[in-house]
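Colleague: Residue numbers (our numbering), protein chains in the order written: chain A, 11 to 237; chain B, 19 to 239; chain C, 2 to 60.
Warning: the hint list may mix true and false statements.
Distance condition first, Cα-Cα at most 27 Å in a straight line; then the derived DSS-like pairs of lysine-lysine [as the list claims (entries may be wrong)]: (1) C:K37 - A:K232; (2) A:K112 - C:K37; (3) B:K24 - B:K90.
Sample of chain A residues lacking proximity to chain B, with all beta carbon distances greater than 10 Å (derived) [claimed, not checked]: (4) L20; (5) L33; (6) E61; (7) R94; (8) K112; (9) F154; (10) A162; (11) I205; (12) E223; (13) A229; (14) N233; (15) I235; (16) G236.
Across the chosen pairs, the derived CB separations fall in these ranges [what the hints assert, rightly or not]: (17) A:S80 - C:I4: 20 to 26 Å; (18) C:L24 - A:E146: 27 to 33 Å; (19) B:V48 - A:E146: 38 to 44 Å; (20) B:K90 - A:V140: 16 to 22 Å; (21) A:R174 - B:V130: 29 to 35 Å.
No lab work stands behind these hints: they were computed from the structure. Each residue gets a CB set at the ideal place from its N, CA and C atoms; glycine is no exception.
Spelled out, the chains give:
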Amino acid sequence: MKQLVSAPVLFVGAGIFLVTGLLLAFLYAPIDASTMGYSQKIFFYHAPIAETALVAFGVAFVAAILYLRSQDPRWDRLGVVSVRLGLVFSLLVMATGMIWGKAAWGTWWDWEPRLTTFLLVCFLYVAYFVLRSVVEEEQRRATFAAVFSIIAFIDVPITFFATRFLPAGMHPTVITMGGTGMPGSMFVSFFISMIGMTLLLVALIRRDLAVEELKDRVADLKNSIGG
Amino acid sequence: MAILRKDLIRELRTREMIISMILFVLLAMVIFHYAFSVKEDADLTYFTGGMLWVTFIFAMLLGLNRSFAQEKDERCLDGLLLCPVDRVTIFLAKTAGNLVFLLIIQVVAVPVFTLFFVSRSYVGDLVPFLIVMLLADVGICALGTLLATISMNTRSRDLLLPIIFLPLIVPVLIAATGATTLIFAEGAGFGDLLARVLFLLGFDAVFLVAAYGTYDFAIGE
Amino acid sequence: MTIEEGAKFVAAAYAIILAVLMLYYVLSARRVNTLKRDVQLLEQEVQRRQIGAGGAGGE
Numbered sequence: 011m012k013q014l015v016s017a018p019v020l021f022v023g024a025g026i027f028l029v030t031g032l033l034l035a036f037l038y039a040p041i042d043a044s045t046m047g048y049s050q051k052i053f054f055y056h057a058p059i060a061e062t063a064l065v066a067f068g069v070a071f072v073a074a075i076l077y078l079r080s081q082d083p084r085w086d087r088l089g090v091v092s093v094r095l096g097l098v099f100s101l102l103v104m105a106t107g108m109i110w111g112k113a114a115w116g117t118w119w120d121w122e123p124r125l126t127t128f129l130l131v132c133f134l135y136v137a138y139f140v141l142r143s144v145v146e147e148e149q150r151r152a153t154f155a156a157v158f159s160i161i162a163f164i165d166v167p168i169t170f171f172a173t174r175f176l177p178a179g180m181h182p183t184v185i186t187m188g189g190t191g192m193p194g195s196m197f198v199s200f201f202i203s204m205i206g207m208t209l210l211l212v213a214l215i216r217r218d219l220a221v222e223e224l225k226d227r228v229a230d231l232k233n234s235i236g237g
Numbered sequence: 019m020a021i022l023r024k025d026l027i028r029e030l031r032t033r034e035m036i037i038s039m040i041l042f043v044l045l046a047m048v049i050f051h052y053a054f055s056v057k058e059d060a061d062l063t064y065f066t067g068g069m070l071w072v073t074f075i076f077a078m079l080l081g082l083n084r085s086f087a088q089e090k091d092e093r094c095l096d097g098l099l100l101c102p103v104d105r106v107t108i109f110l111a112k113t114a115g116n117l118v119f120l121l122i123i124q125v126v127a128v129p130v131f132t133l134f135f136v137s138r139s140y141v142g143d144l145v146p147f148l149i150v151m152l153l154a155d156v157g158i159c160a161l162g163t164l165l166a167t168i169s170m171n172t173r174s175r176d177l178l179l180p181i182i183f184l185p186l187i188v189p190v191l192i193a194a195t196g197a198t199t200l201i202f203a204e205g206a207g208f209g210d211l212l213a214r215v216l217f218l219l220g221f222d223a224v225f226l227v228a229a230y231g232t233y234d235f236a237i238g239e
Numbered sequence: 002m003t004i005e006e007g008a009k010f011v012a013a014a015y016a017i018i019l020a021v022l023m024l025y026y027v028l029s030a031r032r033v034n035t036l037k038r039d040v041q042l043l044e045q046e047v048q049r050r051q052i053g054a055g056g057a058g059g060e
């Protein structure tokens, strides 16, 4: 129950950061001078969502390791919840990425490293749920899901790296070794949205965890009545 | 080692799997030929790398499903698990068995595909080609064995394997196909291939370690 | 690309993001509430039965 108490605070915090980020993006940050022009505004939510999706899968990865060590079903629940949210965010990344692609490059789809990697991420984590759906026994389902979650998370950066071998794409490289290549005002707006999205993720994870716990509780109570 | 020997002996004795796999490879080649003959005298050299690796990966899927279906149906694996051997030993033996199986397929497929599709000789690049092939094979077999062990223990065994295996194997496919195409089409020296070779090496290392760490859990109680 | 043209794409992107996130927020909030109510009802039911069983045992 402790989780539910702090949830509103987190949601409000996430909301404040996200709205501030949005306002800054449109009112404070300059219109991008390069060829992307105004459509670059999509970036202010697109990139934080991408980062948040990866954070969600990272949480699932850690939860999977902890599950394998402890066999504690709570870690399995955390894994499911984070993968589900990661998947929602990934789909948003794809959708907004495609819109951006249409605006900036004139095509909806380009076989470009980041877009391609996220496509595979979506396939991978949909497969995670397929895997869960075909194992009935609870402990075994949690174990397999954890193993797959670990392998999948390791595979994501490898895939991203491998796509560099493909003929070059046209995604703008925003963050390079030399720095972010962004004016300071853009960076601030971007950074605030990033904090907001991450907070939103944490808040949603907590609430979904509560949902899963309540579900178990309902099942228990039903059992006790039935029995 | 004994497990590997058992699988091999069993295969050589029945021959059903190897023969059907070789047929599968030849049929795939014919299918590819018709699918890609979009114009007269089209040179398929640039596509041969892709065709080869697609064939290998799909052949491997069939092979993996079968190798574990047998174990499951005849309850061999239960016996294996009772043996006082490390689970990781089982993993290594199974991986090696699948590797041998894949190599047999390749021994047949590569010359045939070369004969029918590749328009220039790459004899000089044979060594780098073999290195690329072997490295990619190890990655495919290690990951494939781990995932087949999981999928075998689920309700929809052979349906699940491609869904979890294919997205994970994409990096190997990209690197191996790129390297093979470079060799077949452009006669690239070892220098051009180095990045891909190192990448495959890294992939093998990472997933052998990952499988080593998780196989205990994958094989179940 | 002019600002007007770009704005259409930007608006579409933000509309999708906000719609999906808000939908998720609302749905999960509703699920929490429904489940909480279920738990409450079930707990009452369990209690009622316990009292009933206790009374029956006492007679």
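Colleague: Indicate, hint by hint, whether the structure satisfies it.
Modeller: For each hint, the structure was consulted:
1. C:K37 - A:K232: Cα-Cα ~14 Å, so holds.
2. A:K112 - C:K37: 44 Å, violated
3. B:K24 - B:K90: Holds - the C-alpha atoms of K90 (chain B) and K24 (chain B) are around 15 Å apart, at most 27 Å.
4. L20: Label holds. Min Cβ-Cβ 32 Å, cutoff 10 Å.
5. L33: Nearest chain B Cβ is 39 Å from L33 (chain A), so the label holds.
6. E61: 21 Å, holds
7. R94: At roughly 17 Å from the nearest Cβ of chain B, R94 (chain A) sits farther out than 10 Å, so the non-interface label holds.
8. K112: Non-interface label stands for K112 (chain A): nearest chain B Cβ at 25 Å, farther than 10 Å.
9. F154: Check fails; 5 Å does not lie beyond 10 Å.
10. A162: Nearest chain B Cβ is 7 Å from A162 (chain A), so the label is violated.
11. I205: Holds, since 31 Å exceeds 10 Å.
12. E223: Label holds. Min Cβ-Cβ 24 Å, cutoff 10 Å.
13. A229: Answer for A229 (chain A): holds, closest chain B Cβ roughly 21 Å.
14. N233: It holds; N233 (chain A) is separated from chain B by about 24 Å at its closest Cβ, greater than 10 Å.
15. I235: Holds, because the least Cβ-Cβ distance between I235 (chain A) and chain B comes to about 29 Å, which exceeds 10 Å.
16. G236: Label holds. Min Cβ-Cβ 25 Å, cutoff 10 Å.
17. A:S80 - C:I4: 20 to 26 Å: With a Cβ separation near 55 Å, S80 (chain A) and I4 (chain C) fall outside 20 to 26 Å, so the hint is violated.
18. C:L24 - A:E146: 27 to 33 Å: 31 Å, holds
19. B:V48 - A:E146: 38 to 44 Å: 41 Å, holds
20. B:K90 - A:V140: 16 to 22 Å: With Cβ atoms ~20 Å apart, the hint holds.
21. A:R174 - B:V130: 29 to 35 Å: 32 Å, holds
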